[in-house]
Amino acid sequence: MMDPAERALLEDTIRAALADAGTSADTVLAGLGWLEMLDTEPRDAVDIVFETLGATNRAATALDDVLAGALGRKPGPDLAVLLPPFGAWDPPAHISDGHARALGLATARVATARNLLIVGHTGSGPVAATVPVASIDVCAVRGIDPDAGFHTVRVDHSPVVDQVGDPAAWEAAVALGRRATARQIAGATRAMLSLARTHALERVQFGRPIASFQAVRHRLANTLLAIEALEATLAAAGDEPNPLTAALAKATAGYAARTVATNCQQVLAGIGFTTDHPFHRFLKRTMVLEGLFGSGEEITLAIGRELIAERRVPTLIEL
Amino acid sequence: MAEAGGLAIADFRAALHRWLDTHHDDLAPAYSPPGTLDEQIAQMQRVKSLLFGADWMRYGWPERVGGLGGSPMLRTELGAALAARDLTDPGLFSLIEVLAPTLIDFAAPALAAVVVPRLLSGQEMWCQGFSEPGTGSDLAALACRAVPDGDADTASTWVITGQKVWTSLAQYSDRCVLLARTGAAESRHRGITAFFVDMDTPGITVSPLEMINGVREFAEVFFDDVAVPADRILGEVNGGWSVAMSILPYERSSCFWQRIAYLYRRLEQLVEVAGDDDRSAAVVGDAFVQLHALRARSRATQHRLASGATLGAETSIDKVLVATAEQATYDAVRRLLPGAVEIDDGTAAAAWRAEYLYSRAATIYGGTAEVQRNIIARRLLDLGGGE
Chain S
1 MMDPAERALL
11 EDTIRAALAD
21 AGTSADTVLA
31 GLGWLEMLDT
41 EPRDAVDIVF
51 ETLGATNRAA
61 TALDDVLAGA
71 LGRKPGPDLA
81 VLLPPFGAWD
91 PPAHISDGHA
101 RALGLATARV
111 ATARNLLIVG
121 HTGSGPVAAT
131 VPVASIDVCA
141 VRGIDPDAGF
151 HTVRVDHSPV
161 VDQVGDPAAW
171 EAAVALGRRA
181 TARQIAGATR
191 AMLSLARTHA
201 LERVQFGRPI
211 ASFQAVRHRL
221 ANTLLAIEAL
231 EATLAAAGDE
241 PNPLTAALAK
251 ATAGYAARTV
261 ATNCQQVLAG
271 IGFTTDHPFH
281 RFLKRTMVLE
291 GLFGSGEEIT
301 LAIGRELIAE
311 RRVPTLIEL
Chain H
1 MAEAGGLAIA
11 DFRAALHRWL
21 DTHHDDLAPA
31 YSPPGTLDEQ
41 IAQMQRVKSL
51 LFGADWMRYG
61 WPERVGGLGG
71 SPMLRTELGA
81 ALAARDLTDP
91 GLFSLIEVLA
101 PTLIDFAAPA
111 LAAVVVPRLL
121 SGQEMWCQGF
131 SEPGTGSDLA
141 ALACRAVPDG
151 DADTASTWVI
161 TGQKVWTSLA
171 QYSDRCVLLA
181 RTGAAESRHR
191 GITAFFVDMD
201 TPGITVSPLE
211 MINGVREFAE
221 VFFDDVAVPA
231 DRILGEVNGG
241 WSVAMSILPY
251 ERSSCFWQRI
261 AYLYRRLEQL
271 VEVAGDDDRS
281 AAVVGDAFVQ
291 LHALRARSRA
301 TQHRLASGAT
311 LGAETSIDKV
321 LVATAEQATY
331 DAVRRLLPGA
341 VEIDDGTAAA
351 AWRAEYLYSR
361 AATIYGGTAE
371 VQRNIIARRL
381 LDLGGGE
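Listed in order, the protein sequences are those of chains S and H.
Here the first sequence is numbered in our numbering, starting from 1 and rising by one per residue.
Here the second sequence is numbered in our numbering, starting from 1 and rising by one per residue.
A few of these clues could be false.
[Claimed, not checked] From the derived model, a few chain S residues whose C-beta atoms are all more than 12 Å from chain H:
hint, residue
1, ALA30
2, THR40
3, ASP97
4, ASP137
5, ALA251
[Stated by the list, open to error] Looking from chain H toward chain S, a few residues come up when the C-beta cut is under 7 Å (computed):
hint, residue
6, ILE9
7, GLU210
8, MET211
9, ILE212
10, GLU268
11, ALA282
12, ASP286
13, VAL289
14, ALA293
15, LEU381
16, LEU383
17, GLY386
In case anyone wonders, no lab produced these hints; they're calculated from the structure.
The beta-carbon is built from N, C-alpha and C at its ideal position, and this holds for glycine as well.
When you get a sec, could you build the whole thing from the sequences and use the hints?
Below, the structure written as structure tokens:
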């Protein structure tokens, strides 16, 4: 792992490079050696890149590389990965007789990549395979946040190649996907807090900054509490990487996104309700990110079912 | 064994749990929980005595007070293990963490060497006399007065008059770490001195208060011309505020970790009997998500403390998270076990009821949730002065 000074330097470098709106985020990341970083320092690479994407509201397709790596494939711009439908996390495809059917989402990479990596159910456990992008239906999503770059994907009887069965791989990919998207949400929530804090200090009503009113201060305190809780679970998921710590981080990210957005939007009041102010971009992006690999509520429900089935509450992390 | 490194702590934890497994029958309470407060106190002192005799109670404490040295995280592990096994109440047991370090850091070394081992081994109980009727969240406003018998620099005796309240276990205590006003009435935090007072000194009256759950854990303590030797001053005259503040890192690390271990155990007890349905799953899952975030936060805080960092305002985050998660855990009990808290007269329900009611104080004691949010706003978010 990098030391804190190295991490801070890298984060500053990436953040500064991403500030250039004229260059695509993917081009920026490629120029900074994203794939090499992902290979040699995977934890730091994911933490820093996704935090920064969240904080700058830029859209990249780095998630495809993270998932491809977790599924044992060599990542790169020619390989997109099929994401589950919004809110879901089961393997999104069904594979039989050398052909696949699937409905799901993909990042903007699917518009330019040659192949799509899919994970699907078969009669005997999930397998990963690729299908040619030329054989599938792809449609750009507008939705609440067109700039996020997501696409819907429909695979209907596409021929699959490179079929590999590995039941644990999908679980590992979901865990990494959850950590990456939770980290991106963390970056976005920090940005929302910063916007709301600045507004509270500058906006004067009744003759003084609204930051002096306790009701406003407590909203911002609750915002920081939610973010700190999220960041603690992300650190725990990095120290003890397993599907449950990642699920807990993503669940916490879901709640943090809602708490932060609600409180910051209320503090920003009128200006936060306009597209003149950047708040709306972060709000909309976190609403979309929350649905990737499961919302806070859905993951919480699944975890609760697991605890009750096992009749056990695991401590997961120790001193 | 006594090193702070991760491996050594893991070894310590494993050896401790093996020992606790082997000695379960000796350590387990003779009553069925919750038991009376008298029973709980007797159990705690008995457990401390056994643990001190077997050295477990000595790890993480300095050698000059009868300890075996090593990272304070070792004693945190001990407290968490006891809480997770329901051998002692963590709220009562972890009072050690807010009492012994004060003596170690601020008492004359000879005094600390004599009295701290008595606290650790269960021979003595101590209490903390900070809060007063007029001093809730605003500790610096305390009014209980200590006056030197003669000149402040040379007096051999100080005389204390006033009242304390919310003093946990005062009626069981042999000693009290007391904060008293030694400066002018308006001197706030600059005019406070800490004393180590023997509770059998003439002029002290203890009057237990019955809490909302029927337990008489707290007391009012009245001081009426109580003479205390000058060598029982902890730290400097008028230096009591720094004595009080020195407790915060222990309270917000070790005590919290023990409380968290106990909440995991309680949630597990709920999960053992919860219905196999989605509503139960959502409630249990929600409490677990909160407990995990809290545990992750507290772990990071303790690693920062162990690496030499000074803990400060950022522990207000830990404080709010622990209070919120505790209340969420008992709210889950109330939602999933209808009537257990309200109308069930069985033994298990009595424990849930007592703990449910106690959990309501989590957002009040140790600085209210509102005070913590004020600190977060001013110190962590740098929002400037508030209204």
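Here is what the structure says about each hint:
1. Listed as outside the interface, S/ALA30 is consistent with that label: its C-beta sits roughly 33 Å from the nearest C-beta of chain H, beyond the 12 Å cut-off.
2. Against chain H, the non-interface label of S/THR40 holds: every CB pair exceeds 12 Å, the least being about 24 Å.
3. Residue placement check: S/ASP97 keeps its beta carbon more than 12 Å from all beta carbons of chain H (closest about 36 Å).
4. For S/ASP137, the requirement that its beta carbon stay farther than 12 Å from each beta carbon of chain H is met, with the minimum near 34 Å.
5. Its closest Cβ contact with chain H, about 5 Å, brings S/ALA251 to no more than 12 Å, contrary to its assignment away from the interface.
6. Of the supplied interface hints, the one on H/ILE9 holds, with its beta-carbon coming within about 6 Å of a beta-carbon of chain S, less than 7 Å.
7. Among the interface hints, the one on H/GLU210 is violated; its C-beta lies about 32 Å from the nearest C-beta in chain S, farther than the 7 Å criterion.
8. With a cut of 7 Å, the hint placing H/MET211 at the interface with chain S is violated, because the nearest CB-to-CB distance is about 27 Å.
9. Because the beta carbon of H/ILE212 sits about 25 Å from the nearest beta carbon in chain S, more than 7 Å, this interface hint is broken.
10. Against a cut-off of 7 Å between C-beta atoms, the interface hint on H/GLU268 holds, since the closest Cβ of chain S lies about 4 Å away.
11. For the restraint placing H/ALA282 at the interface with chain S, the shortest Cβ-Cβ distance is roughly 5 Å, inside the 7 Å limit, so the hint holds.
12. Residue-level restraint check for H/ASP286 holds (minimum Cβ-Cβ distance to chain S is 6 Å; threshold 7 Å).
13. A distance limit of 7 Å between C-beta atoms decides the matter here; for H/VAL289 the minimum to chain S is near 5 Å, and the interface restraint holds.
14. Contact between H/ALA293 and chain S, as hinted, is supported at the beta carbon level, the nearest pair being about 4 Å apart and thus within 7 Å.
15. Taken as an interface hint, H/LEU381 checks out: its beta carbon lies about 6 Å from the nearest beta carbon of chain S, inside 7 Å.
16. Among the interface hints, the one on H/LEU383 holds; its C-beta lies about 4 Å from the nearest C-beta in chain S, closer than the 7 Å criterion.
17. Because the smallest distance between the Cβ of H/GLY386 and any Cβ of chain S comes to about 6 Å, under 7 Å, the interface hint for this residue holds.
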